[in-house]
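So the chains spell out like this:
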Amino acid sequence: MQRPSVEFKGASFTLSVLKLSGHTLDQLKQQLNSHVERAPRLFHQMPVLLDLSALDPSNLSLSQVLSQVQASQLTPMGVLDPAAPYRQQAEQLALPCIRGHRHTPSRHGRTTVIEQPVRSGQQVYGKDGDLVVMAGVSAGAELVADGSIHVYGPMRGRAFAGATGNSDARIFCHDLQAELLAIAGTYHLAEERDPKFWGKPTMIRLEQNRLCHSLLRPFE
Amino acid sequence: MSKIIVVTSGKGGVGKTTTSASIATGLAKSGHKTVVIDFDIGLRNLDLVMGCERRVVYDFVNVVNGEANLNQALIKDKRCDNLYILPASQTRDKDALTIEGVQSVLDQLKTQFEFILCDSPAGIEHGAMMALYFADEAIVTTNPEVSSVRDSDRILGMLQSRSLRAEQGLEPVKEHLLLCRYVPSRVDAGDMLSLEDVTEILAIPLIGLIPECGSVLKASNGGTPVILDETSPAGQAYADTVARLLGEERPLRFVSEERKGWLKKLFGG
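Those protein sequence lines, which keep their order, are chains S and Z.
When we follow the working numbering, the leftmost residue of the first sequence carries the number 1, and every step to the right adds one.
When we follow the working numbering, the leftmost residue of the second sequence carries the number 1001, and every step to the right adds one.
Source of the hints: derived by calculation from the structure; they are not laboratory data.
Some clues are possibly wrong.
Restricting the straight-line Cα-Cα distance to at most 25 angstroms, the calculated cross-link-like pairs of lysine to any residue (SDA-like) are [as the list claims (entries may be wrong)]: (1) Lys127(S) - Ala1166(Z); (2) Lys1011(Z) - Ala139(S); (3) Lys1174(Z) - Lys127(S); (4) Lys196(S) - Ser1194(Z); (5) Lys1174(Z) - Ser1104(Z); (6) Lys1174(Z) - Thr1111(Z); (7) Lys196(S) - Gln1112(Z); (8) Lys1174(Z) - Glu115(S); (9) Lys1011(Z) - Gly140(S); (10) Lys1076(Z) - Gln1112(Z); (11) Lys200(S) - Lys1011(Z); (12) Lys127(S) - Gly1169(Z); (13) Lys1011(Z) - Glu1248(Z); (14) Lys200(S) - Glu1196(Z); (15) Lys1011(Z) - Lys127(S); (16) Lys1174(Z) - Glu142(S).
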C-alpha cells in the first residue's frame, strides 16, 4: 500500500497566553522587555497566544503589536478571542484567531440519562459528560461517554468512559458483569478481572495506566 | 380496534412459526377474528405448519405488488371459522416487501380482523424489520440457550429503536417473552438456562413457557397447529399462553419435572 504523502493527525498542546496591556508602543515594549529579561532563555522563541483584550485597537494596530512581540524574541501563534478590529487585522495578516474556553459554554457536566434497558447491539453515547443508565446493559451493548459512566442495572456489556481522553473519568457499576471496560483508551477484559468483583457494586478508575477496581460498599 | 402482534426471535429454529400457528389458532378458537401473515418471503413455511400448503394460489407479495387483491390471497382455515392465513411467496426474496406495501396490506386487514399476527423470519435484516415495524405487541420467542437469548435481546433493542412506535415516539411496543423447548430435568442438571436466568437477562414479562415435547414435531409434520393437540403438554402450554394474551391469569405449568408416582410408572402415565 502506498503511504499517503499528507496526513492529518489530532494532537493537543499547551500554549502560553501573553496578555498585553499599555496605551503606547513604548509602554508595551518596556513591559515586554522587563518580562523577557527575567528569563531570556525560557522566553527565547517561545510560542505564545496573544490576548489583546486590554489593548485599544484605535491606539495600536495588530501589526505594530506583532512586530514588537517578535522583536522580544517571542513567536506569536495566534490571537485569543480578538475584538472585531483586531479580528479583521488578524485575518489580513493570516494570523489564526483562537477561541478561548472562557467564551464557549462548559463542555463538561452535561449528563445523559437512559431509563430503558440497553440491549445487545445498541450503542449509547454520553457526549460531553457523564452517562447514567438506570436499567440493565446487555452483553453486546456499548456505552460510551466523554465523562464517567454509571450503571444501576446489571452491567453485562462494554463501557468506554473518558472516550475523548479524560483519564479522570470513572466507571460505576451496581452489578458488575461487564465484558470489557475502558477509561481513556486503557481497557480491561472480563477474563482479567479478579472474580471477587463479579456481580458486585464496583468502581473502576485509571491509575498509572491501569484500571483499578474497588468495591463500592467494602464493609458489607 | 385491531392489534398487530409480531412473533419474532432473532435466531432461527426457536419456534416462531410453531408459535404463530398455535397462537393464531388459539385466538381464533376463542372467538377472535384472526389473520396470520408469513413474512418469511422465500422460505414459505407457515402454510405447511397450518396444513394449507395445497391451497396457496396468491401470496403476500402478489398483494403488495397489486397482482392480486387481499381476499384472493387470504386462505380460510378449515378447522376454525375465524382464522385466515396470508402465505409468503416462495419464489421471491425479502426485498420484495416495502414499508408502503406492507402498510397498505395491514391497513386493509385492520378493517376485517381483531388480531393480525406477523410471523417474522429469522435474522435482523430487512424481512425481520418489515415484520416488526408496525407491531403493537411482540412475542419474543426464545430457547433456554445463550445464543438464542442474546439474539432475542438484540431484537428487543430493534423493537425499541426501529419500530414505527419508536420512531414516532408513541407508547413502546408491548413485549412478551415466550420461552420454548424448556426441559426442566436439563435445567436441574445445569445443561440448560433456567426460566429465572432468561427472564433476568431479557427483563421483559413472561407470557408463557412451552415445554420440549414430541407433539410439536408431529403436529408440524401433520400440518396441525400443536395447540389443537389438547392432551399434549405443548398444546396445553400454548392454550395458557393465548389465555394470558387475552388478559386471563393462568398459573405457570411445566416449569419443573413432573414426578411420576409408582402407580403411574407401573401402569404407564
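Here is how each hint holds up against the structure:
no., hint, result
1, Lys127(S) - Ala1166(Z), "holds, 22 angstroms"
2, Lys1011(Z) - Ala139(S), "holds, 16 angstroms"
3, Lys1174(Z) - Lys127(S), "violated, 30 angstroms"
4, Lys196(S) - Ser1194(Z), "holds, 24 angstroms"
5, Lys1174(Z) - Ser1104(Z), "holds, 23 angstroms"
6, Lys1174(Z) - Thr1111(Z), "holds, 22 angstroms"
7, Lys196(S) - Gln1112(Z), "violated, 59 angstroms"
8, Lys1174(Z) - Glu115(S), "holds, 16 angstroms"
9, Lys1011(Z) - Gly140(S), "holds, 15 angstroms"
10, Lys1076(Z) - Gln1112(Z), "holds, 13 angstroms"
11, Lys200(S) - Lys1011(Z), "violated, 31 angstroms"
12, Lys127(S) - Gly1169(Z), "holds, 22 angstroms"
13, Lys1011(Z) - Glu1248(Z), "violated, 29 angstroms"
14, Lys200(S) - Glu1196(Z), "holds, 19 angstroms"
15, Lys1011(Z) - Lys127(S), "violated, 33 angstroms"
16, Lys1174(Z) - Glu142(S), "holds, 24 angstroms"
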